[in-house]
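**Q** Residue-level listing of the chains:
2 protein chains.
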Amino acid sequence: MKTQYAIGVDLGGTNIKCGIVTEKGKIVKKVSVKTKADKGPDVVISQIKKGVAKLLEGEKRKIQGIGLGAPGIVKHKKGIVENPPNLPGWGKVELGRILEKEFGLSIFLENDANAAAIGEMIFGAGEKIRSFIFVTLGTGVGGGIIQKKKLIRGDSGAAGEIGHISIDYKGRKCNCGSYGCIEAYIGNAYLVDRAKRSLRYHPESKLNEIIAENDGYLSPRLINEAAKLKDEFAINFIKESGKLLGYALASAVNVLDIPSIIIGGGTAGFGALLFESVQSAARERVLKSLKEKINVIPAQLKNDAGIKGASALVFYNLRKKSK
Amino acid sequence: MKTQYAIGVDLGGTNIKCGIVTEKGKIVKKVSVKTKADKGPDVVISQIKKGVAKLLEGEKRKIQGIGLGAPGIVKHKKGIVENPPNLPGWGKVELGRILEKEFGLSIFLENDANAAAIGEMIFGAGEKIRSFIFVTLGTGVGGGIIQKKKLIRGDSGAAGEIGHISIDYKGRKCNCGSYGCIEAYIGNAYLVDRAKRSLRYHPESKLNEIIAENDGYLSPRLINEAAKLKDEFAINFIKESGKLLGYALASAVNVLDIPSIIIGGGTAGFGALLFESVQSAARERVLKSLKEKINVIPAQLKNDAGIKGASALVFYNLRKKSK
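Order-wise, the sequence lines are chains A and B. Following numbering that gives the first Met the number 0, the residues of the first sequence are numbered contiguously, the last one being 322. Following numbering that gives the first Met the number 0, the residues of the second sequence are numbered contiguously, the last one being 322.
Treat the hints loosely; a few may be bogus.
Since the list gives no way to pick one copy over another, a pair counts as held whenever it fits inside one copy or between any two copies.
With a straight-line Cα cutoff of 27 Å, these simulated DSSO-like cross-link-like pairs (lysine-lysine) come out [stated by the list, open to error]:
no., residue 1, residue 2
1, Lys242, Lys169
2, Lys25, Lys301
3, Lys29, Lys59
4, Lys149, Lys74
Simulated from the structure, these hints should not be mistaken for laboratory data.
With these hints in hand, go ahead and build the complete structure from the sequences.
**A** Now the structure itself:
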């Protein structure tokens with residue numbers, strides 16, 4: 000079969016990353032433009048157009064369509080992006096229609112976590128798995144559910160909010176207004192906050208020095224570095240965080256009966272330490288018939304996962320159509 | 000259209016209830032036989048055959064098939080019932096094949112909570128709702144998920160275990176081995192146990208007398224009676240139980256984006272008190288975009304819900320085929 004190409008656009012709060020991607024998930028061309036989020040939707044839209052236009056400049060390959068992943072609520076059928084959290088002043092923007100008019104190509108929009116889940120299904124760790132729960136660990140804890148090779152969207156396209164499974168109804172207050180959401184334990188800011196609080200009781204940890212060297216700054220990456228230096232506090236902290244995620248996932252697995260779990264995003268860089276504790280905690284807590292089936296694996300799309308996931312939307316939708 | 004008929008078999012631990020049901024959910028004939036669970040699978044199987052044979056005796060109406068709801072794990076495609084919790088010594092029984100051979104009719108098996116969910120979709124409160132979460136409150140807390148008019152089965156047919164969403168990872172130990180499962184708060188025995196413990200601090204509650212009159216026995220029904228007598232403890236206890244269920248459901252709704260919830264089973268007899276607190280707690284805890292959509296309503300199939308749900312399996316599968 001002739002190689003097929005699609006454009007993927009990763010609409011972030013700081014940068015808009017665009018790429019031409021093959022149906023095997025290889026990026027053959029890439030550009031990045033500033034989002035200019037503070038300038039409002041009109042400027043951001045023209046930045047998106049600029050990015051895609053740059054990609055298409057002198058391009059001879061046939062492009063099958065444009066996929067775009069955006070934060071927040073995306074009405075994929077109507078092509079509407081609603082109030083993305085990092086893009087102030089948006090309201091509802093008919094991005095699908097706007098881009099289709101501009102480029103004359105088919106446009107596929109999706110929430111960024113859902114796009115990443117589809118990316119793993121089409122090009123990544125989920126290629127050979129019929130159903131899986133995808134979790135992305137970063138500023139927030141996002142997710143997407145693939146069931147029998149299809150994305151579960153739910154009634155309004157908001158399904159897969161793994162980050163807002165509560166593990167403790169009397170627990171930590173979450174940004175969303177609820178309590179005990181797993182995001183309120185392991186979303187980046189919460190994770191760092193938890194670590195800093197616990198460190199008060201662990202003056203022996205190397206992390207204290209690391210924080211001092213960084214003028215009070217701490218990040219998941221720095222915690223990971225300490226763990227690699229065999230800092231016991233950092234190691235236990237990562238294990239504990241994995242355990243909490245495993246508990247949240249156990250509830251999701253009991254509801255969905257989907258025991259395959261793919262984890263991506265920055266915090267997934269915690270590596271085997273994290274993955275093993277997620278897996279053993281989930282096994283410990285799910286129903287008996289599911290225990291042995293629990294399988295927690297890392298996402299495969301790492302660099303440019305956003306572009307690849309967005310481009311995967313095109314291949315995903317084309318395959319559905321051709322069936 | 001000519002009236003269609005199906006047989007529904009509700010395989011319980013004590014009784015096997017069988018009925019001929021119309022496609023509108025009306026039972027036109029009904030028999031009940033003892034399960035004789037302690038005598039092992041062979042005797043139970045012959046009891047099922049006896050019940051169905053009694054129904055078919057002299058029957059002139061054309062029967063479209065037999066649906067059967069069984070507790071525990073049911074492999075619906077293979078027609079296998081696996082280790083039902085109340086039927087000792089079963090292992091795996093190919094009930095589908097056995098009944099098909101005996102009666103020459105199409106057989107459809109399903110876990111009893113899933114059958115009840117399908118019953119609500121075909122005949123009940125879910126008739127006009129495209130997607131809903133069904134919860135049944137009784138000895139256990141069971142559930143079934145209907146998404147776009149289809150039952151979600153998951154990888155191994157075990158999906159919908161709403162009762163094993165944990166609301167507190169450090170919470171009450173559940174029979175399943177996990178902690179904080181909502182079943183460990185509001186499953187019948189747990190519910191009664193929680194009420195009895197709290198009553199120590201509420202000597203003013205009428206429930207204390209009720210328990211004394213019943214030789215130490217307490218049940219959800221008795222708690223409900225006390226609430227109807229305006230016993231403050233009983234009222235608050237029911238509200239609190241509803242709140243906990245609402246919290247568990249909030250996690251499920253965030254994952255599934257299915258904000259319509261149908262609640263059935265004995266404890267649903269707590270009525271408006273329960274439903275209102277489930278709904279307000281779920282609204283309080285779900286993501287903002289879902290709050291207003293949360294809608295908690297009672298199941299419609301009450302008496303003989305088991306027979307009706309089981310018969311609905313036949314109509315559900317026939318409709319799918321005819322599409």
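**Q** Taking the hints in turn, state whether each one holds.
**A** Right, here's what the structure says about each hint:
no. : hint             : in the structure
1   : Lys242 to Lys169 : both (18 Å within a copy, 12 Å between copies)
2   : Lys25 to Lys301  : within (12 Å within a copy, 57 Å between copies)
3   : Lys29 to Lys59   : within (15 Å within a copy, 72 Å between copies)
4   : Lys149 to Lys74  : both (17 Å within a copy, 22 Å between copies)
Checked against the numbered hints listed earlier, the structure breaks none of them; every hint is satisfied.
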